[in-house]
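Peer 1: Each chain, written out:
Number of protein chains: 2
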Amino acid sequence: MLKYQQIANEIEKYIEDNKLQQGDKLPVLETLMSQFEASKSTIIKALDLLERKGVVFQVRGSGIFVRRHKRKGYISLLSNQGFKENLEDFHVTSEVIELEVRKPTEEAAANLNIGRDEDVYYVKRVRYINGQTLCLEESFYNKSIITYLNSEIVSESIFDYIKEGLGLKVGFSDMYLQVDKLSEEEAGYLGLKAGSPKLCVETIFHLTNGQPFDFSKVTYNYEQSQFFVQANSSFL
Amino acid sequence: MLKYQQIANEIEKYIEDNKLQQGDKLPVLETLMSQFEASKSTIIKALDLLERKGVVFQVRGSGIFVRRHKRKGYISLLSNQGFKENLEDFHVTSEVIELEVRKPTEEAAANLNIGRDEDVYYVKRVRYINGQTLCLEESFYNKSIITYLNSEIVSESIFDYIKEGLGLKVGFSDMYLQVDKLSEEEAGYLGLKAGSPKLCVETIFHLTNGQPFDFSKVTYNYEQSQFFVQANSSFL
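Line by line, the protein sequences give chains A and B. All residue numbers for the first sequence refer to the working numbering, where the first residue is 87 and numbers rise by one. All residue numbers for the second sequence refer to the working numbering, where the first residue is 87 and numbers rise by one.
To be clear, the hints were calculated from the coordinates, so they are not data collected in a lab. One should not assume that every hint holds.
Chain copies aren't distinguished; within one or between two, either way the pair holds.
As the list claims (entries may be wrong) - EDC-like mimics (lysine to aspartate or glutamate), calculated; alpha carbons at most 20 Å apart, straight line:
id, residue 1, residue 2
1, Lys-99, Glu-137
2, Lys-158, Asp-175
3, Lys-156, Glu-288
4, Lys-99, Asp-134
5, Lys-158, Glu-192
6, Lys-279, Asp-266
7, Lys-303, Asp-103
8, Lys-303, Glu-181
9, Lys-267, Glu-309
I would like the entire structure built from these sequences, with the hints used as guidance.
Peer 2: Laid out in structure tokens, this is it:
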């Protein structure tokens with residue numbers, strides 16, 4: 087990890103440990119420079135990273151302030167944002183319904199930019215949060231990139247395995263959200279009535295080289311899921 | 087506008103005009119430097135801005151590539167992302183239901199960080215997209231910041247007025263999403279049945295100095311709205 091990333095992490099931890107609130111002012115640049123024994127440009131890089139992550143906001147001529155949304159219990163829609171109450175902070179478990187190597191559907195092949203004759207790992211899971219159904223997930227992994235999966239891996243965090251087990255670098259994602267009504271089958275998995283509201287999130291995950299590796303369709307239990315997104319200023 | 091921002095805009099326009107697709111490679115750094123008669127650091131700043139906006143992605147050792155999600159007809163959930171099919175690209179009209187100065191609700195006051203005795207502009211509108219109901223919007227504007235509104239302003243883009251008319255700098259926002267069922271009243275405004283699915287998006291908009299100025303609650307017609315979000319790599 088580069089020095090500025092380390093400093094960014096420490097500032098983030100300092101904010102959390104001291105329970106600072108949105109609008110609280112951080113020490114000035116010179117104080118941070120001596121505190122972390124780093125050059126001005128290193129501190130600036132750390133602060134810019136934190137601002138992009140939504141942890142601080144900078145006001146020219148005024149200083150650096152904490153950015154920390156107030157509501158508890160909301161899940162971060164984007165996994166790369168700071169102070170996320172991400173799934174890791176909740177007790178999330180998975181029940182694997184299906185795991186097999188197969189050929190992709192037309193939709194999955196199109197989203198993964200592969201041919202219909204290439205192999206994918208198909209994973210279907212129901213995920214639970216604090217014992218309640220959170221979502222139904224169907225994912226298609228390009229098997230030439232995600233070369234190995236098994237039941238044990240998919241009953242935990244598949245992305246932890248992809249990053250640490252396979253050592254791959256996860257890059258950007260395109261997410262598509264739609265609200266609709268649950269089908270009989272989806273309602274069955276989530277323990278809700280058919281026709282109840284659902285939030286569908288389709289995501290195409292890419293490696294840092296731009297290659298799509300996972301096309302995932304998640305149907306959320308509307309009673310268990312509330313999401314937040316931090317949108318940065320267009321001046322950033 | 088600074089030079090690197092101008093160059094970023096021109097690169098974005100070049101991508102659009104030439105209908106480049108996700109994964110298409112842009113000219114190398116040296117070519118861009120001579121094309122725009124700019125220094126290496128200026129071009130790098132322009133590309134970093136475009137990467138943050140989700141217009142390009144950069145692969146170390148390979149080059150700069152276009153990032154452009156494939157689906158048409160999706161509305162950008164975050165207004166600061168590139169190639170947004172934002173409401174401006176659709177034919178959106180507004181019907182003003184209410185506009186008045188009043189005291190805020192407890193919820194609005196808390197979200198705006200103001201007292202219950204301070205004045206807000208309360209705006210209630212139904213917005214239409216290509217003639218269909220898009221959403222029901224209720225907004226509370228801190229009147230000490232948004233000092234003047236009238237019917238004509240709120241029947242158009244209020245944010246255009248805030249930025250150009252009042253000359254204010256809009257900063258970051260915190261958005262909270264929830265899926266639920268339409269109440270009788272909401273269903274009435276949207277022309278749907280009570281109990282149908284709804285997407286609720288509550289947003290707190292801030293100025294660049296961090297001050298909240300608008301607390302908005304939008305209820306979307308699920309049949310007319312599909313959203314996309316571009317999530318950047320956590321390596322950015």
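Peer 1: Measure nothing new, just compare the shortest in-copy and cross-copy C-alpha distances for Lys-156 and Glu-288 to 20 Å and report within, between, both or neither.
Peer 2: Result: close only across copies, 13 Å inter versus 27 Å intra.
Peer 1: At most 20 Å between C-alpha atoms: does Lys-158 with Glu-192 qualify within a copy, between copies, both, or neither?
Peer 2: between (40 Å within a copy, 18 Å between copies)
Peer 1: Checking an output row: Lys-99 and Asp-134, CA cutoff 20 Å. Within, between, both or neither?
Peer 2: within (16 Å within a copy, 26 Å between copies)
Peer 1: What label fits Lys-303 with Asp-103 when the C-alpha limit is 20 Å: within, between, both, or neither?
Peer 2: So Lys-303 and Asp-103 fail the 20 Å test inside a copy (36 Å) and across (32 Å) alike.
Peer 1: How do Lys-158 and Asp-175 come out at 20 Å by Cα distance, when the copy is not named: within, between, both, or neither?
Peer 2: within (11 Å within a copy, 35 Å between copies)
Peer 1: Please work out whether the CA atoms of Lys-303 and Glu-181 approach to 20 Å or closer within one copy, between two copies, in both situations, or in neither?
Peer 2: Within. Shortest intra-copy distance 16 Å satisfies the 20 Å Cα cut-off; inter-copy 35 Å does not.
Peer 1: Please sort Lys-99 with Glu-137 into within, between, both or neither, judging by C-alpha distance up to 20 Å.
Peer 2: within (15 Å within a copy, 27 Å between copies)
Peer 1: Given a CA cutoff of 20 Å, do Lys-267 and Glu-309 count as a within-copy pair, a between-copy pair, both, or neither?
Peer 2: both (13 Å within a copy, 10 Å between copies)
Peer 1: At most 20 Å between alpha carbons: which applies to Lys-279 and Asp-266, within, between, both or neither?
Peer 2: For Lys-279 and Asp-266, both the intra-copy (13 Å) and inter-copy (13 Å) Cα distances are at most 20 Å.
Checked against the numbered hints given earlier, this structure breaks only hint 7.
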